[in-house]
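*Asks:* Sequence:
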Amino acid sequence: MRFMKFSIMLICFILLSSCREEILEFTEHPETGKLYINSTPKGAEIFLNDNRLWKNTPDSLLDIKAGVYSVKLRLIGYPEERVLINVQAGKKNFVDVNFTNF
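Numbering (our numbering), first residue to last: 1 to 102.
Read the hints as simulated data drawn from the structure, not as lab findings. Just to be clear, a hint being listed does not mean it is correct.
[Stated by the list, open to error] With a cut-off of at most 25 Å between alpha-carbon atoms, the simulated DSS-like pairs for lysine-lysine come out as follows:
#1 K92 with K72
#2 K42 with K72
#3 K42 with K5
#4 K92 with K65
#5 K55 with K5
#6 K55 with K91
#7 K72 with K91
#8 K92 with K55
#9 K92 with K42
#10 K92 with K5
#11 K55 with K42
#12 K91 with K34
#13 K65 with K55
#14 K55 with K72
#15 K5 with K34
#16 K91 with K42
#17 K34 with K55
With the hints as extra help, turn the sequences into a complete structure.
*Replies:* This is the structure we're talking about:
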């Protein structure tokens with residue numbers, strides 16, 4: 001009986017020690033960011049690098065590659081507004097244009 005208990009304990013010890021693994025930590029390096037675009041009044045057409053997105057404010061681009069972009073907003077009755085924005089990876093980035101100041 002003692003031999004059996006010893007054998008079971010030895011097998012458990014070997015199994016437990018062989019399952020031991022080193023924990024690896026991975027640092028996430030996102031390559032995209034989020035861009036939230038708003039205007040007052042709302043409803044301005046959104047252009048990104050002079051390409052019409054067929055979206056109107058308020059709207060968002062949730063998976064945009066990090067980098068510098070030109071955001072142009074066009075609203076009838078107001079001069080168009082252009083903003084340069086540096087979209088940072090893993091962050092929320094905001095463009096907010098107030099057309100009523102013109």
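*Asks:* The structure should be examined with respect to each hint, and the outcome stated for every one.
*Replies:* Okay, the hints, checked on the actual structure:
1. K92 with K72: Within the cut-off at roughly 19 Å; holds.
2. K42 with K72: Within the cut-off at roughly 14 Å; holds.
3. K42 with K5: Not OK: K42 and K5 at ~76 Å, beyond 25 Å, violated.
4. K92 with K65: holds (12 Å)
5. K55 with K5: Violated - the C-alpha atoms of K5 and K55 are around 72 Å apart, more than 25 Å.
6. K55 with K91: holds (21 Å)
7. K72 with K91: holds (21 Å)
8. K92 with K55: Holds: K92 and K55 sit about 19 Å apart, inside 25 Å.
9. K92 with K42: holds (20 Å)
10. K92 with K5: violated (60 Å)
11. K55 with K42: At roughly 11 Å apart (the allowed maximum being 25 Å), K42 and K55 satisfy the hint.
12. K91 with K34: Holds, at roughly 6 Å.
13. K65 with K55: Holds: K65 and K55 sit about 18 Å apart, inside 25 Å.
14. K55 with K72: Since the Cα atoms of K55 and K72 sit roughly 12 Å apart, the hinted pair holds (cutoff 25 Å).
15. K5 with K34: With a Cα-Cα distance of about 60 Å, the restraint between K5 and K34 is violated, given a limit of 25 Å.
16. K91 with K42: holds (24 Å)
17. K34 with K55: Holds, because 15 Å separates the two Cα atoms, which is no more than 25 Å.
Consistency with the previously given hints fails for numbers 3, 5, 10, 15, ordered from lowest to highest.
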